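Undergrad: Given next are the chains, with one letter for each unit.
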Amino acid sequence: MTLSQLALTVAILGGLGLLASRFGLSAIPAYLLAGLLLGPNEPRALSVIEPSEVTTFVAELGIIFLLFFLGLEFTLDRLLRSGRHLGLGGSIDLVLNAAIGFLVGLVAFGPSFAAVILAAAVYVSSSAVSVKGLIDFRRLADDETDVILAILVFEDIVVAGVLGFAAAGGGGVSPTLIAVAKALGFITLALAASRFLPRWIDLVLDRLPSEFMLLFTFALLVGMSAGADALGLSEAIGALMAGVVLAETSIRREIEERFLAFRDIFAALFFFVFGLTIDVEALGDIGWLLALAVLLTITAKLVGGYGAGLVGGFNKRQSLNVGAALVAHGEFTIILAQVASDNTDIPAGDRADLVAFAGLYVLVTATLGVILMKESKRVGRMLFASPRLERTGNAL
Amino acid sequence: MHSELRETRLPGIGTKYAFETAHGARVAVIQHVDGTRELYVFTRADDDEPRAVLQLEDDESRQLGAVLGGAYERPKIVEELEMALGELAIEWVPVPAGSPAIGHTLADCGFRARTGITIIAILREPEPVTGAQPGDTIQEGDTLVTVGKLGQYPEFRRLLAEGPIGDA
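Protein chains in written order, with my numbering: chain E, 43 to 438; chain U, 4 to 171.
I should point out that these hints are in silico values taken from the structure, not numbers from a laboratory.
Please read these numbers as outputs of a predicted model, since none were measured by experiment.
The beta carbon of each residue, even a glycine, is placed where N, CA and C say it ideally should be.
Some clues are possibly wrong.
Said to hold, decoys possible - Chain U side only, calculated, beta carbon under 10 Å to chain E, not exhaustive:
{"hint": "1", "residue": "Tyr43"}
{"hint": "2", "residue": "Thr46"}
{"hint": "3", "residue": "Asp51"}
{"hint": "4", "residue": "Val96"}
{"hint": "5", "residue": "Val98"}
{"hint": "6", "residue": "Gly101"}
{"hint": "7", "residue": "Tyr156"}
Based on the provided sequences and hints, a complete structural model is requested.
TA: Right, here's the structure in full:
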């Protein structure tokens, strides 16, 4: 990738992102689409950018920053305070959607590790798209928004675990178990470190001029990513845990402010670069499977979210809003496919299918999901009687 | 009747504070992580669409809060103060993050000798320093309560933000 190509890419990403936000859509599908169009695969009319070492590296930084920021939001105290919706609502959503994802994976790849990855990719909704929708559609004051956010947090935790071994598992039962054990060990170690390390980090980083604070933070981030990579885990889990460790320090806010711009730029490039590798033709005969997966996802997310809402004590209209907000898939689905695409224990054909599936699946669900979110209140008013009447009805 | 203010964490977004008014409306304030606030107003507590959503920057929220809280008598007081002080001013100057003065004593900094500004107190958590002494050390997050002439402040602020401090 040359500088002029980079300039072209970034300009196109900016333009498409702006266009998407004009229509109230998330920028993620826009970035993917840009990659798909400019990339070397079909359609070829606009193919000007080849994946190369540079694009791979940029994408890697994108993953690292995305997960770093997620980690910064995770502290044990905050998780505990997320409260009662986390466990029950999250479990309903997990059981229903992971089952459906695994089913689709079984049909596509047979009983294999690729099917497990697909299950996770179909299970995890997009926090980024959902949260943006909640803000744009002015849902932040709604009571059911708490359930939505709690479920999203639950999903992110589950998938963080899968991400730990997504890069290494799949070469038979015992290597996979070893990979899982390594991932759990790494996460446990990092969580333990997040209990006592922040005090020392504070002592050092807080005294440094801000320029060097930036450099040392970056070194820690990339270092933990590289460490996870060297252990045969994915760099993603290293970055996530770097965030978790720094989440407890007093400089968390400053880190967030200073690195936000990096995250936005590299995340956009990451989605774009992923788009480059989507080969629509590789999808070939599993195209129908994609359609099936989208249909099943919409149904299962709506039903699961609706159930979680009712269980949480919300009325039918509110519960429908919960389901609608969970349909969109995004960053984690893409990250899972990207991490798995480096895993040589998964057959090459399956990996190409996974990438194409994840890319197109996110394009469709992120777009439909936002529309569903926008319309869920109107639909709810048509489908369900007003909660005021509902209450009176019960009283009689 | 005192209405109950409910506080809820919104992971990844910020914090929500909500309460119902005596007249049956519902008000929610979202405090975003980046400092901006949003004010949601629902005409009736169980409405599912807000009547209005207002986005406020940090300073605007404080101002609105002061007005609502009845504390906005300030302009009159300030006017009187200005008359009493004449050319002198009392200013609250926050120490910028990364200021070279952090970690130095007031004597080291020599603000009075170099700019004419006198530091009379330091506001900090948990305990403010009243009657600041030359041996007091400036810390990150401090707000300096100062007395001086208005014209001396630009130089003072520059020195506080960029130095040089000490024997340089």
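Undergrad: Using 10 Å as the Cβ threshold, decide whether Val96/U counts as touching chain E.
TA: This interface hint is violated because 20 Å lies over the 10 Å limit.
Undergrad: Would the stated hint for Asp51/U survive a check requiring a Cβ distance to chain E of less than 10 Å?
TA: Holds: closest Cβ of chain E sits about 6 Å from Asp51/U, inside 10 Å.
Undergrad: Close enough to count: is the Cβ of Gly101/U nearer than 10 Å to one in chain E?
TA: holds, 5 Å
Undergrad: Verify the interface restraint on Tyr156/U: the C-beta must sit less than 10 Å from at least one C-beta of chain E.
TA: violated, 24 Å
Undergrad: Is the interface hint satisfied for Tyr43/U? The criterion is a beta-carbon contact with chain E at less than 10 Å.
TA: With Cβ-Cβ at 4 Å, under 10 Å, it holds.
Undergrad: For the hint on Thr46/U, does the least C-beta distance to chain E fall short of 10 Å?
TA: Given a least distance of 13 Å, the restraint on Thr46/U is violated.
Undergrad: Given Val98/U as an interface hint, is the shortest Cβ-Cβ distance to chain E below 10 Å?
TA: violated, 14 Å
Comparing the model with each numbered hint stated earlier shows that hints 2, 4, 5, 7 do not hold.
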